[in-house]
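Listed below are the residues making up each chain.
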Amino acid sequence: MLNVNDINVYYGSIHAIKGVSFEVNDGEIVTLIGANGAGKSTILNTISGLLHSKTGSIEFLGERINGVQPHRIVGKGLAQVPEGRRIFLQMTVEENLEMGAYTRPNSEVDPGIADVYERFPRLKERRRQIAGTLSGGEQQMLAMGRALMSKPKLLMLDEPSMGLAPLLVEQIFDIIKELHRSGTTVLLVEQNAQMALSIADRGYVLETGKIVATGTGQELLSNDAVKRAYLGG
Amino acid sequence: MDITVILDYLIRGLSLGSVYAIIALGYTMVYGIAKMLNFAHGDVIMVGGYICFFSMSGLSSHFEEGSVAAMVVPAVAGTLAAMVVCTVLGVTIERLAYKPLRQASSLAVLITAIGVSYFLQNAALLLWSANPKVFTPVVGRGSLQVGPLSISYVTLLTIAVCIVIMIALTTFTSRGKMGKAMRAVSEDKGAAQLMGINVNATISLTFAIGSALAGIAGVLFMSAYPTLTPTTGSMPGIKAFTAAVFGGIGSIPGALLGGLLLGIIEIFAGAYISTQLQNAIVFAVLIVVLVVRPAGLLGKTIREKV
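Chains A and B supply the protein sequences, listed in that same order.
Residue numbers for the first sequence follow this note's numbering, so the first one is 1 and each next one is one higher.
Residue numbers for the second sequence follow this note's numbering, so the first one is 1 and each next one is one higher.
Please keep in mind that the hints were generated in silico from the structure rather than gathered at the bench.
Beta carbons: idealized from backbone N, C-alpha and C, even for Gly.
It is possible that some hints are incorrect.
Unchecked claim - DEER-style ranges, computed between Cβ atoms:
1) 178/B with 25/A: 53 to 63 Å
2) 222/A with 178/B: 45 to 55 Å
3) 54/A with 178/B: 53 to 63 Å
4) 278/B with 13/A: 45 to 55 Å
5) 135/A with 225/B: 52 to 62 Å
6) 84/B with 36/A: 28 to 38 Å
7) 108/B with 55/A: 53 to 63 Å
8) 271/B with 72/A: 56 to 66 Å
9) 84/B with 75/A: 27 to 37 Å
10) 107/B with 21/A: 35 to 45 Å
11) 225/B with 8/A: 57 to 67 Å
12) 36/A with 178/B: 35 to 45 Å
13) 54/A with 84/B: 40 to 50 Å
The task is simple: from the sequences and hints, build the whole structure.
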């Protein structure tokens with residue numbers, strides 16, 4: 001479904017992503033794990049078209065998408081829930097969801113919102129509230145709901161567990177599994193390697209801009225190097 | 001103090017303030033979206049004034065003097081022409097001068113905006129010379145008598161236009177899909193792109209709306225202060241910028257409040273304190289407000305949740 005082939009991304013003179021290649025197949029949950037600053041978000045933002053690779057290619061559903069403007073990529077069925085959620089804090093919950101459906105025909109907006117409310121009843125209670133007044137967990141749900149509004153075939157999630165209490169993290173991961181069951185392919189970026197690998201079909205370990213290990217979720221969980229570096233021994 | 005006189009000043013202040021508010025909207029919307037101060041905005045007003053002036057004087061000879069058509073057609077056509085030309089001008093300025101600087105430092109953008117401002121003034125000087133043109137108000141010079149008060153048609157028109165624009169813009173940004181997208185872009189460009197919003201098109205649209213409003217403001221301002229020269233736009237431009245900051249830059253209701261207050265303060269300061277100190281007082285009030293409320297009257301300081 002998604003084919004990333006030898007991408008190199010620079011921030012000015014800093015070489016942030018060094019020849020990274022990986023793929024996500026239809027129906028999988030794939031995770032990219034790695035420490036802070038390893039380049040996980042940079043990779044997602046490059047796929048979304050916000051950053052550009054100097055080399056290589058990114059193909060989505062057989063179509064080259066590097067060089068395509070970010071707002072067109074969303075329309076092709078590739079949505080991202082960005083790091084730090086980045087919901088529109090001054091807009092209401094419902095307006096945030098409407099923005100998520102920006103690329104969809106108007107007739108899909110209301111049914112889409114109804115679907116999101118069914119999945120996240122909490123958001124329905126707060127539909128008229130300004131998003132900035134939501135709790136961290138609710139904001140994460142809104143960010144995910146907003147991304148779902150674009151009816152993505154591939155959903156990329158950047159650190160959905162960040163800053164959330166353990167109970168909420170469980171809840172968010174349950175939602176990710178549920179989304180996956182209902183047919184959405186997921187590319188998950190996480191610092192919480194334990195959680196991410198336990199639900200992933202496959203994973204890639206990223207270190208200072210390079211992929212250093214890959215395997216199924218279970219393989220990586222039992223990999224000694226991965227254990228030492230990311231799973232606390 | 002006579003209440004009629006005070007009311008008269010108040011209405012004049014509201015009218016002047018309405019013009020400032022309409023101009024301030026252009027500053028505040030562009031700032032909200034592109035995070036830049038478009039100092040050429042005032043000069044777009046001047047261009048609007050000239051376009052309306054030439055359209056009206058060109059057309060009026062084709063109509064019988066004193067007829068209804070002679071009163072209505074040139075004024076309406078002149079205003080529309082000013083709006084269209086200003087819109088095209090605003091969008092062109094953004095494309096040619098500001099868009100290439102999207103990633104540049106804000107200082108570079110600011111200097112460019114000042115450069116565009118001088119460019120427009122000098123282009124106007126070249127095209128239309130420094131000789132002042134005397135603008136004919138778009139509505140007759142008459143006035144409406146309300147009891148002891150006499151309110152000129154220009155004043156009434158200005159206030160009415162300001163109210164209509166405010167209602168239209170508020171509806172657009174709170175209900176329309178494009179309007180909401182504008183708010184999304186002004187809050188977070190990256191996230192807006194991830195929603196599939198075309199940020200460049202949204203910025204162009206903002207410049208288009210702001211500049212069309214500048215066209216209207218030019219016509220209204222020139223109807224009240226009819227001496228038209230290539231530097232006519234700079235003073236109302238800088239006052240409206242002050243109004244936008246006063247009200248809280250980036251906020252549409254703030255532009256309205258700031259504009260109206262500024263107009264009222266200016267008229268009262270001129271009437272009761274000193275016409276020479278009028279502008280100094282206006283700017284002094286701005287300084288006081290910014291010391292007490294740095295974000296302006298309706299400006300928001302938002303704390304992010306992590």
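**Request:** With respect to the beta-carbon atoms only, verify the hint that residue 222/A and residue 178/B lie 45 to 55 Å apart.
**Result:** Roughly 52 Å apart at Cβ, these two residues keep to the hinted range, so it holds.
**Asked** So does residue 54/A sit 53 to 63 Å from residue 178/B, Cβ to Cβ?
**Response** violated (35 Å)
**Request:** Given the range 52 to 62 Å, decide if the beta-carbon distance of residue 135/A to residue 225/B lies inside it.
**Result:** Holds: the Cβ-Cβ distance is about 53 Å, inside 52 to 62 Å.
**Request:** Check the following: the C-beta atoms of residue 278/B and residue 13/A are separated by a distance inside 45 to 55 Å.
**Result:** holds (53 Å)
**Item:** residue 225/B versus residue 8/A beta-carbon gap, inside 57 to 67 Å or not
**Value:** Since the Cβ atoms of residue 225/B and residue 8/A sit about 59 Å apart, the hinted range of 57 to 67 Å holds.
**Verdict for residue 84/B, residue 75/A (Cβ pair) under range 27 to 37 Å** = Holds - the Cβ-Cβ distance for residue 84/B and residue 75/A, about 32 Å, lies within 27 to 37 Å.
**Status of the given 35 to 45 Å range, CB of residue 178/B versus CB of residue 36/A** = Given about 38 Å between the Cβ atoms, the range holds.
**Request:** Just tell me: holds or violated, for the beta carbon distance of residue 108/B and residue 55/A against 53 to 63 Å?
**Result:** violated (30 Å)
**Message:** Taking 40 to 50 Å as the stated bounds, is the beta-carbon spacing between residue 54/A and residue 84/B within them?
**Reply:** Holds, at about 43 Å.
**Prompt:** When you take the CB atoms of residue 178/B and residue 25/A, is the distance between them in 53 to 63 Å?
**Reply:** Because 38 Å falls outside the window, the suggested range is violated.
**Message:** Holds or violated: the 35 to 45 Å window for the beta-carbon distance between residue 107/B and residue 21/A?
**Reply:** holds (40 Å)
**Asked** Is 56 to 66 Å a correct range for the gap between the Cβ atoms of residue 271/B and residue 72/A?
**Response** Holds, since residue 271/B and residue 72/A (Cβ atoms, about 57 Å apart) stay within the stated range.
Going down the numbered hints, you'll see the structure goes against 1, 3, 6, 7, while the others check out.
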